[in-house]
Amino acid sequence: MDLLIALIAVVFSIGLLIQFNETMIYSQKEKTLQKELEGIGKTASMLLVGNPQIICAVDSAIPPSQIGYLENCVDSSGSYAKITAANLGIPTGTGKYDFAVYEQGLKIAGSDFPVSVPANIYSEKRIVVLSNGNVQKQGLEICMGNATGSCTALSKTELAIYVWRA
Amino acid sequence: MEKAFFFSIDAAIGIAAVFIAMSSMTFLYLQDSSGPKIFQSTDQNMSDSAIIGFYLDKSPADMGLSNAIASSAKQGFCGRIFNYNPNNAIAGMQSAPADKNYCGGI
Amino acid sequence: MNKGIFSGLIAATAIILIGAIILTTSANVKNNGSENFSEKILETKREWNNARYLLDKTLSDKLADSVALPACTFTAPNQEQIESYFSNTIDNSIKNCDFEPVQITSSAQNNFAISFNLGCSKKISNDFEIKKFEKTVAFAKKADVQKDVPAIGKCTITITDLQSNIVEVQKTLP
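Chains as they are written, first to last, in my numbering: chain A, 1 to 166; chain B, 1001 to 1106; chain C, 2001 to 2174.
Bear in mind the hints are in silico, worked out from the structure with no lab data behind them.
Treat the hints loosely; a few may be bogus.
Computed footprint of chain B on chain C, listed as stretches where at least three residues anywhere in the stretch have a Cβ under 8 Å from a Cβ of chain B [as the list claims (entries may be wrong)]: (1) 2050-2057; (2) 2084-2096; (3) 2160-2174.
Only a predicted model underlies this, so the values are computations on that prediction, with no experimental measurement involved.
Built from N, CA and C at the ideal position, the CB exists for glycine as well.
With the hints as constraints, model all of the structure from the sequences given.
Shown next, in the form of structure tokens:
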């Protein structure tokens, strides 16, 4: 009788261990996916304010016409047409990722949140300036306080980028 | 110890201890908060503020920050930017870059 | 049978079980911290932009300082003189940037133009450095010098940035 109980207890314990292992593996997989989401999200956030495909180009009054780019300046021309998944380095499609960018609570790029909200959404806020198209160096110098005049070339705002698993 | 139904009480206590330990570990380990996560790293905010303050000629105070980390802060970060005024009053002497720090702490 | 055998069996199973749990837990995916290298890259680009701005203004400073007084005559600076000013600026600001030899593409007083390569890097740790962010930079300035009264008057120096048409230096000196 004692032997039977002992054996039952041992078998039960082994079963418990197997179940625990399964749970651990699942948990590890979830953490891996979360880390992957975080990596993609961080990169997308960096590209939003640093990718020359998205940020403002600076134009000169003399050739060469374009003399550089401004980090943390987002080109809002064409209704923010430059903010795309490709320019943010986000792999899209089934089983991949999706994104949205908001400015002062309004969606300016990307997709709507899915009806069933994903378990994890990576998000960051970035302080930026906006410019409708390229920035003229003269306009930039005025905004920087190096010449008299009111700053019309740039306007300060906050963007929020959200990335989730599609 | 006296022999009980489970052949000994110590074995029963041992089993109970193992199960309690396992359940606690599993429960603690698998805890996970659900819902969207909003993340704003402290140092990113300062770096962003520094460059925007530079573009728009705004002081740290204008950006809601200070020019140094408060001594009471447990951690902090500064975004730093340099400016240069070539219009110095002294003939023949080079100007020096001037730094501006946009600092915040928690 | 010795009743101790069953207790021993249970105890051994418990120990194996706990050991297996510890092993499984420690084999968990490590949080590698992902030091946010992407932000360091962005930081390097920002520093490059700041360095470019500083050297842009430094050139105007040098041109203004290239006016001889009291004669009020402008002499175009040479490569070494410009690089000396540039080095002073970099040494006192963004130290992880450097520039390659400056080329004077035009030394005319009304269109003094230079170009050079500006590069910035960043060290993450003793063994890891972000690849240099390097680009060619070009500046163009106009230097005006006016003596209000020939031979004895004050000298007004005006340096205008041709890329923005902004007056960067305007001073009147005895």
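Cross-check of the supplied hints:
1. 2050-2057: holds (count 4)
2. 2084-2096: Contact hint for the region 2084-2096 of chain C vs chain B: holds, 6 residues under 8 Å.
3. 2160-2174: holds (count 5)
Checked against the numbered hints listed earlier, the structure breaks none of them; every hint is satisfied.
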